[in-house]
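**Student:** Please work from the sequences and hints to get the whole structure.
According to my numbering, the sequence shown is numbered sequentially starting from 60.
No wet-lab data here; the hints were simulated from the structure.
Yeah, the Cβ is synthetic: ideal placement off N, Cα and C, and Gly gets one too.
Heads up, none of these hints are tricks.
With a straight-line Cα cutoff of 27 Å, these simulated BS3-like cross-link-like pairs (lysine-lysine) come out:
id	residue 1	residue 2
1	K124	K104
2	K104	K126
3	K135	K124
4	K186	K135
5	K179	K104
6	K152	K168
7	K126	K186
8	K179	K168
9	K179	K152
10	K186	K152
11	K104	K135
12	K186	K104
Ranges of calculated distance between the beta carbons of each label pair, as one might list FRET restraints:
id	residue 1	residue 2	range
13	E183	R159	17 to 27 Å
14	K135	M106	18 to 28 Å
15	R140	E183	11 to 21 Å
16	R172	I143	24 to 34 Å
17	L75	R176	45 to 55 Å
18	F115	L162	44 to 54 Å
19	I78	R110	20 to 30 Å
20	R110	I185	17 to 27 Å
21	L136	R110	16 to 26 Å
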Amino acid sequence: MSREAKIIVNTVVLLLLGIAIGVTLTKWNSHHGRPWMGMDRDDRKDMFLERFRDQFDLTTEQETKIKEIFEHQREKLEQLRNDIQPQFEDIRKEAREQIRSLLNEGQRKQFDRVHSRLEKRRQEMIKRGFGPDEVGPVGPPPFGRPPPDRMGPPPHGGPPPEHW
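**Tutor:** In structure tokens form, the structure reads like this:
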């Protein structure tokens, strides 16, 4: 095979490889319409309504009516959740005590640490506008790093950054 033919073949292969990588990255980075990690409930709701409007090509009047329907639905669900929330808390406490009774002393301490961390996260999500039993942004911020109590010191030897 001549030198020019090898150059052309290599160029075509690299071009196809670049296109494949570009398409893959575009698909993976699109978040598939899911909200970003730092969004609160109102941001997620606005994002959903925007996607809904774009998908169905709604008029302003239709969009207004749909927002009213969603708000009415949210109010009903909040009222229902407020009515049954004490029952959820009792069930949660009962399950926690049953689990603790099955563990030995070392396991109880570890369980209490994990439970307090989860409870702190739950309270944080409630402050951000999510209900006590709703799923907020998935994964620990930022993007799956282990919690600070499981991490060693940072490589530069200073304190960990604030966002850890």
